[in-house]
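A.B. asks: Single-letter residue listing:
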Amino acid sequence: MPRNFHPRAARRCILTAAVVFVIATLLGNVLVDHCPLSARFPEADLALKAWRAHISAPGIVFLGSSRTGYSASVEIIGPKVRQISGDAAVEVFSAAIPVGDPLTMNFMGSHLFADGRRSKIAVVEITPDSVSRRNRFLDFAVTRQFTFRDIVENRGDICHSTNKTLSRVLSSRLTPFYTHRLALQAWAREKWSGSEHVIPSGDTGNYYYDGIWGQSSIPQELPGPPPMMRIEEDLPRVRKQLADYEIPGRTSAALEDLVARCHRDGIKVILLETPMHSALRALFVPSVSQPYGQFVRHLQDAYGCQFVDFSDRLSDSMFFDGVHTNGDGRAYFSALFAEEVLGPVWRAEIGSRHE
Amino acid sequence: MLFHSFAFFLFFLVTFAGYWALKDPRQRKGWLVIASCVFYGTWNPWLVFLILFTAAVDYLVALRLMTTESPSTRRALLALSISISLTLLVFFKYARFLASSTIFGLNLFGAHLPSPTWEIVLPLGISFYTFETISYVVDVYRRRVAAATNILDYALYILFFPHLIAGPIIRPSFFLPQTQTAKHFDWARLQLGAQYFLRGLFKKAVLADHLAAIVDPVFAAPATYSTSMIWLAVPCYAVQVYCDFSGYSDMAVGAAHAFGYKLPINFNLPYFSESVGEFWRRWHITLSTWLRDYVYIPLGGSRGSSARTYGNLILTLVICGLWHGAAWNFVVFGLYHGVILSLERALPLPAVLARRSLLPLRIAWTFLLLCAGLVIFRAHALSDAWLMWRRAVSTSEGQHLPQELVALGLVALALVFAGHLFGHFGDAKRWLERIPPAAMGFGMAGVFLLIMFLMPQDSAPFTYFQF
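These protein sequence lines are chains A and B, in that order. The first sequence: position 26 = 26 (this note's numbering), numbered continuously. The second sequence: position 24 = 24 (this note's numbering), numbered continuously.
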């Protein structure tokens with residue numbers, strides 16, 4: 001038997017391999033926690049770069065998920081608000097992030113306003129399912145933005161969430177070089193070639209997001225199954241998320257934290273319940289809508305937010321699936337929201353400033 | 001649960017820890033059987049019962065064969081067992097193919113029958129475990145092995161998770177005696193297993209999965225790619241399928257070592273074969289030897305006339321082709337290899353071509369023949385295979401793959417060629433012996449981390465799962 005396969009030598013070999021693996025895993029965890037945002041969370045990085053490209057902070061900022069990203073076209077809303085308010089200088093910015101749950105919105109809020117530049121109005125997405133303690137988007141948050149400390153702090157909600165979330169936490173922390181390989185590869189490529197890396201497609205679960213929520217990136221129709229089939233596929237997941245519905249948890253706390261920060265910084269918050277297909281709205285039975293309503297009222301009372309409900313304002317033909325609007329829905333919602341909400345609010349905002 | 005997934009990583013750690021924590025050999029075997037059922041059940045829990053049914057029938061038949069002396073009863077029992085196994089295999093794997101082929105044939109005579117629209121779920125690994133149960137009953141019938149009296153031994157032979165889904169196809173005479181021996185935790189064996197596993201993981205997760213980016217688009221639309229891309233994609237497919245399957249086999253062998261079991265080696269530098277006949281002695285060795293022992297020799301082997309021998313060879317290779325899948329291109333693939341094997345037997349190489357100096361030429365020629373056969377194997381339809389052959393021998397214009405993919409393909413080809421060269425001329429054992437244990441451990445961990453880092457985003461399931 002070769003020297004290396006002598007039991008004592010083999011034991012030494014295996015134990016060395018195990019120790020090296022454990023040390024590398026720990027270092028990998030540190031690396032993942034401290035790697036640039038562009039590597040681990042490129043969607044957020046792109047949004048922040050676009051934000052910093054503005055000389056002064058845009059007056060209105062959207063914080064939300066792909067629901068907001070799909071529905072609210074800044075290219076339609078901006079001109080409309082300028083026209084209604086008469087303020088030619090107002091800019092509208094979308095910091096919506098695919099699979100952007102309140103934890104992600106809070107993360108974005110803290111980064112956007114970190115340099116002291118602040119918007120006047122923040123439109124913050126809120127829906128009954130997104131503030132549920134059982135957060136089905138947590139498995140994205142754990143891999144793309146959570147540090148080790150965040151995981152410890154959110155351990156309760158992680159365990160309360162889906163099995164997939166727990167599995168992703170474990171794989172993210174036990175095999176960081178595997179789970180984060182695409183991000184680390186992209187970072188390495190960026191360092192090597194000096195070029196901007198491409199967002200790892202498929203990781204966001206989003207259809208057409210390419211780093212901007214521009215009109216060109218949203219097609220009129222999606223290839224693949226028709227909307228109703230997509231909705232039927234999604235319904236069991238939403239139903240599972242809403243079972244034993246409860247709000248108190250880290251997810252709703254993150255939303256409250258974001259709203260409180262805006263309140264402290266003098267940013268007016270508009271809580272926007274985004275448009276939804278009727279099949280999905282039907283799941284918001286009283287056991288869901290009542291605690292949700294109480295939570296919304298609490299935010300309004302505590303932080304003076306305005307709440308606008310657009311969940312039932314679009315017809316079912318204006319959706320790709322249960323929550324994402326198609327081209328028609330996007331155009332219709334953007335115009336409607338600008339005319340009914342943002343335009344008047346911005347006009348009042350200018351008026352109060354002049355006073 | 002794929003071998004190269006995080007779920008398997010956790011599953012393996014739990015199974016390994018539980019196995020060695022148990023002291024009683026029966027409990028250990030039971031633990032492995034339960035773990036294997038869980039492993040299989042992650043795909044489809046209901047299909048575990050199908051394996052258990054097949055295994056139970058053959059277990060009982062084998063026990064009966066041991067106590068029965070009457071030749072006619074023994075033959076009847078053997079026929080019963082093989083019929084049940086083959087009926088299940090044919091039903092699940094070939095029913096749709098047989099129905100659509102029959103309808104196609106009838107339609108040629110003006111029947112106007114619609115093509116079948118129904119689908120049958122293909123139980124994973126059915127071709128593998130069916131062959132194992134057949135070899136068990138046949139060997140007991142031939143009195144080459146004694147029937148397993150302990151059901152756990154037999155269950156482990158069929159269900160042992162490292163080989164359950166895609167082989168190697170193990171023989172009862174090879175595995176059952178291992179279930180009788182006491183297992184002691186052995187660091188040396190664990191190291192050997194880890195090295196096998198890492199080698200397989202590298203082949204599968206790094207080489208084979210990356211090569212899919214070259215192979216898939218060209219085989220999906222061969223008419224749109226240039227001749228040079230076809231000449232790149234076909235050898236890349238040869239390397240991909242080798243790395244995929246031999247990688248799985250290496251991982252299976254490695255995982256089995258961790259539990260104190262040995263599985264047979266399934267590949268032996270197949271692309272350094274001097275002839276197609278030699279290739280089949282080096283490629284999927286456990287299937288080739290199974291077909292030799294349970295099909296070719298019972299058919300008469302080479303004991304009859306030359307014509308009979310060629311017929312037996314062609315029939316065996318057609319069965320081999322069909323074993324790979326229920327489609328006409330697999331039948332033609334088997335026929336192609338059967339004809340080449342017959343030609344090699346009928347027309348021995350002239351002395352001038354058999355010289356040692358021409359060895360590289362013979363290897364290259366064999367590789368070319370294998371690549372031509374793999375085009376039939378991989379193409380979506382026989383017409384696509386024909387199109388690829390035509391475009392390969394003419395200078396056709398068409399699109400090119402990105403430069404970095406071409407470079408990736410060439411690197412992968414070079415790596416596998418270098419691996420074959422090292423395996424052929426180098427002495428791996430002596431080379432490994434010179435490395436200090438700590439450095440070896442460091443290297444193993446480094447390779448594991450590197451593999452994890454280099455895995456592509458979309459990792460494909462093993463090619464041989466579909467068989």
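To be clear, the hints were calculated from the coordinates, so they are not data collected in a lab. All C-beta atoms in this analysis are idealised placements derived from N, C-alpha and C, irrespective of residue type, glycine included. Hints are not guaranteed to be accurate.
A short list of chain A residues far from chain B (calculated; beta carbon distances all over 10 Å) [as the list claims (entries may be wrong)]:
(1) C13
(2) A18
(3) V19
(4) F21
(5) C35
(6) S38
(7) A53
(8) I55
(9) D87
(10) S167
(11) P236
(12) P248
(13) D257
(14) D301
Within a straight-line C-alpha distance of at most 20 Å, the following computed SDA-like cross-link-like pairs (lysine to any residue) qualify [as the list claims (entries may be wrong)]:
(15) A:K164 x B:K183
(16) B:K429 x A:R11
(17) B:K23 x B:F9
(18) B:K429 x A:P7
(19) B:K262 x B:F16
(20) A:K164 x B:F6
(21) A:K164 x B:F9
(22) A:K164 x B:T42
(23) A:K164 x B:F12
(24) B:K183 x A:A243
(25) B:K262 x A:P7
(26) A:K164 x A:M229
(27) A:K164 x B:Q457
(28) B:K429 x B:K183
(29) A:K164 x A:P236
(30) A:K191 x B:F453
(31) A:K120 x A:R136
(32) A:K240 x A:M229
(33) A:K191 x B:L450
(34) A:K191 x B:E404
(35) B:K262 x B:L13
(36) A:K120 x A:K240
(37) A:K164 x A:D150
(38) A:K240 x A:K191
(39) A:K164 x B:L13
(40) A:K164 x B:W43
A.B. asks: Broken hints, numbered, in rising order?
C.D. replies: Numbers 1, 2, 3, 4, 10, 15, 17, 24, 26, 28, 31, 36, 38, in rising order.
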